[in-house]
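Trainee: Each residue of the sequence shown is one higher than the one before, starting from 66 at the first, in the working numbering.
No lab work stands behind these hints: they were computed from the structure. Misleading hints may appear alongside valid ones.
Cβ-Cβ distance ranges computed for the label pairs, FRET-style [to be verified]:
#1 N101 with N229: 16 to 26 Å
#2 P181 with L206: 11 to 21 Å
#3 L134 with L206: 13 to 23 Å
#4 Y237 with P181: 36 to 46 Å
#5 S234 with T136: 27 to 37 Å
#6 G99 with V202: 27 to 37 Å
#7 I192 with S234: 36 to 46 Å
#8 E164 with S236: 39 to 49 Å
#9 I177 with R225: 16 to 26 Å
None of these values were measured; they are calculated from a predicted model. Cβ atoms here follow ideal geometry from the backbone N, Cα and C, with glycine treated the same way.
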Amino acid sequence: WMHATQLFEAPFLYRSTEPTIIGVNPLIGPRLGGTNLVINGKGFVGQPSTCIFSSVDQAYVGRSSASMLSTTEIGCTTPNMNAYVEYRDDTFDTQISKETTYVIQIATGDVIASGPTFVATEPMQIIRPIPQNGPNVGGTLVVVHAKRVSVRASELGYLRCRFNLTAVSASYMNQSALHC
Numbered sequence: 066w067m068h069a070t071q072l073f074e075a076p077f078l079y080r081s082t083e084p085t086i087i088g089v090n091p092l093i094g095p096r097l098g099g100t101n102l103v104i105n106g107k108g109f110v111g112q113p114s115t116c117i118f119s120s121v122d123q124a125y126v127g128r129s130s131a132s133m134l135s136t137t138e139i140g141c142t143t144p145n146m147n148a149y150v151e152y153r154d155d156t157f158d159t160q161i162s163k164e165t166t167y168v169i170q171i172a173t174g175d176v177i178a179s180g181p182t183f184v185a186t187e188p189m190q191i192i193r194p195i196p197q198n199g200p201n202v203g204g205t206l207v208v209v210h211a212k213r214v215s216v217r218a219s220e221l222g223y224l225r226c227r228f229n230l231t232a233v234s235a236s237y238m239n240q241s242a243l244h245c
């Protein structure tokens, strides 16, 4: 008897664990897109190809390219989500920050990992600060009147005021004003 053995080579990628998304930073950003996200997780093997954004009811919203920042971090930029906003009533109050929650997924080949949510908001529009001037040494309490101040951004500690190159924390007063 004679046994013939043939060897075939084919690429194979071994995954010790399925990719898992643990967190995302920041958690909130403008609906117009352009927010640079850092997605934390584990089991990331190889180069991720795409970040996929969908509404919580799984309607597709958009995608952007993904890049590996480290073995536990992936970066991507949020797409413009304005075309996918659905308001449940006909009265759109421009004073109130409309927020929509999106699910983030990472696609690498045929493996998709779903993760936490990202909240897209209408951009805040500044109307005027009061007072409009103060001493150059600082210390002046400024009330910034605006449209669509996000209570969620305040709760996350994301609200800031910038005076030239100096950034300071802002305090939420209501949906049309904040303190700096």
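Trainee: In ascending order, which of the hints set out earlier in this document are inconsistent with the structure?
Mentor: 2, 3, 4, 7, 8, 9
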